[in-house]
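Undergrad: Each chain, written out:
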Amino acid sequence: MDNYCELKEISNKLRKNIINMIHESKSGHPGGSLSACEILTTLYFKEMKIDPKNPKWEDRDRFVLSKGHAAPVLYATLAEKGYFPKEELMKLRKIDSMLQGHPDMKGTPGVDMSTGSLGQGLSAANGIALAGKIDNKGYRVYALLGDGEVQEGMIWEAAMFSAHYKLDNLTVFLDHNGLQIDGNNEEVMNIEPIDKKFEAFGWNVIKIDGHDFKQIIKAIEKSKNLKEKPTIIIAKTVKGKGVSFMENEAGWHGNAPNDEQTNQALNELGGEI
Amino acid sequence: MTAKAMATRDAYGEALKELGKINKNVVVLDADLSKSTKTAEFQKEFPERFINVGIAEQNLIGTAAGLSTTGKIPFASSFAMFATGRAFEIIRNSVAYPKLNVKVAATHAGLTVGEDGASHQALEDISIMRTIPNMVVINPADGIEAKKAILKLAEHVGPAYIRLGRSKVPVIFDESNYEFEIGKGIQISDGNDVTIIGTGIMVSMALEAKEILSKEGINARVINIHTIKPIDQDIIIKSAKETGAIVTAEEHNVIGGLGSAVAEVISENYPVPLIRVGVNDTFGESGSGDDLLKKYGLTPENIAESARKVVLKKKK
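Chain order of the listed sequences is A and B. Each residue of the first sequence is one higher than the one before, counting from 1 in full-length UniProt numbering. Each residue of the second sequence is one higher than the one before, counting from 1 in full-length UniProt numbering.
A couple of the hints might just be wrong.
As the list claims (entries may be wrong) - Covered stretches of chain A, as calculated for chain B (at least 3 residues, CB under 8 angstroms):
# : segment
1 : 22-32
2 : 97-108
3 : 152-161
If you are wondering where the hints come from, they were derived from the structure by calculation, not from laboratory data. The beta-carbon is built from N, C-alpha and C at its ideal position, and this holds for glycine as well.
Put together the whole structure using the sequences plus the hints.
TA: Now the structure itself:
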């Protein structure tokens with residue numbers, strides 16, 4: 001047994017809640033939510049300076065979920081952290097719910113930026129990080145990008161900006177699960193070499209296994225000590241991680257599991273810890 | 001008209017300098033056009049609060065959105081074509097949907113950009129912006145109104161679009177007594193035979209049209225609609241009732257802009273004959289601003305001619 005038992009337990013709870021809420025709403029994005037569980041667990045339960053009782057605390061660290069379709073992992077995390085009651089999770093994507101299909105900062109406590117249309121989150125994260133610099137605030141800004149998302153041109157406008165303005169208070173994760181709606185990144189639109197692209201744009205690049213808490217924690221620590229440059233942590237992940245039939249299947253990008261699949265998924269997750 | 005003339009973009013530069021002094025939260029962003037948009041005036045005074053994003057309008061708006069979440073009041077500037085066209089979806093999803101306090105201040109709107117031609121002549125921006133929920137849309141008539149509007153927008157909490165021009169336009173208002181109120185139309189001149197509703201640079205032309213018409217015994221009321229959204233329904237309905245005919249005038253496509261907004265108001269409340277003066281659903285071309293306005297039918301004489309026609313359509 002290693003030291004990350006508690007974090008593992010939390011991320012496993014997140015996975016179960018992701019499956020449950022998407023099953024309940026019969027709609028949502030499990031694949032890219034499951035791939036980011038360890039990253040969000042680490043940020044919200046180990047790293048970020050936040051106060052769930054005071055979601056708008058102005059000195060808080062911020063998180064921007066640029067790949068907004070992974071809203072279920074964010075909602076599961078925020079509920080687990082106590083921003084709102086867990087019962088709300090079962091209202092995902094339903095009428096009058098605080099949990100919209102994609103993150104809505106005006107409706108959900110703890111959501112720092114509304115996202116959903118791909119490619120826009122890095123610019124927002126830049127703006128928040130730059131404001132921190134202008135005001136000499138000590139907060140950090142974290143963002144999670146999808147690997148398909150970096151095909152958007154706006155990401156590269158923003159990537160240039162982060163480096164130009166030396167936003168070393170910005171740590172970005174790339175959830176590199178290799179899949180997008182239509183198939184492999186490589187087949188749809190190859191993004192490689194993605195590390196060299198960010199390096200060429202003036203970023204610190206760290207490559208890790210995105211399901212390994214030790215590596216995630218170490219990478220964040222390193223990013224905080226690297227000055228004058230923004231950092232991107234390219235996290236190799238498995239889309240659908242934790243549910244055997246969802247793993248590495250592009251088809252599970254935006255599909256809800258049926259009753260039988262849900263039971264199987266929960267059984268598998270129940271067996272993990 | 002008065003001898004004084006001023007471009008609304010120059011008023012923007014002046015207003016920003018004032019805002020920088022009175023409100024520390026104001027930050028200004030530009031996409032490599034700071035000399036043309038006049039944000040360079042702000043940069044000179046407050047370099048630490050000026051952010052050039054380079055030639056990247058999507059990131060211009062997205063960055064402004066992020067800044068605003070921390071309490072900053074960003075004024076994001078570019079040419080109207082690129083701000084509203086290229087960055088439309090970012091304005092919609094990253095600014096208007098979360099109702100963030102971002103001001104999109106766009107210069108070089110309309111035909112009077114002139115020689116740069118159709119690629120740079122935004123004739124759709126009012127239409128694009130007014131269709132977005134939460135968005136305030138302002139199109140000032142002169143430099144005084146532009147300056148007052150910008151100062152007011154800094155106090156208004158929420159997304160807003162302000163449309164500014166490249167060329168000098170006649171000064172209509174008096175700085176010492178002009179008060180700008182978002183959403184409030186202004187009756188500039190009384191009249192009972194027909195109402196001319198203008199916006200932006202067409203307001204001064206509406207006044208000229210009134211002079212032409214008065215020589216023929218037609219007494220035209222002139223109204224300035226500086227806020228296209230939320231539009232002042234009351235002043236429009238009142239004029240429809242009292243004059244029975246309306247002409248709208250805008251430096252914009254006749255589809256989707258002021259003319260459409262006024263048509264919506266009267267057709268649902270008090271239908272009267274309406275003729276829209278503007279660019280007739282076509283692209284512009286290179287030429288001087290004045291030549292383009294003549295060629296595309298945006299002159300005082302065009303407005304007067306439309307007024308004569310609409311008066312004949314009045315219900316007896």
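Undergrad: State for each hint whether it applies.
TA: Comparing the hints with the structure gives:
With 0 residues bearing a CB less than 8 angstroms from a CB of chain B, the segment 22-32 of chain A misses the requirement of three and the coverage assertion fails. Only when three residues or more bring their CB closer than 8 angstroms to a CB of chain B does the claim for the segment 97-108 of chain A stand; here the count is 3, and the claim holds. Coverage of the segment 152-161 of chain A by chain B holds. Counting CB-CB distances below 8 angstroms, 6 residues qualify, and the rule asks for three or more.
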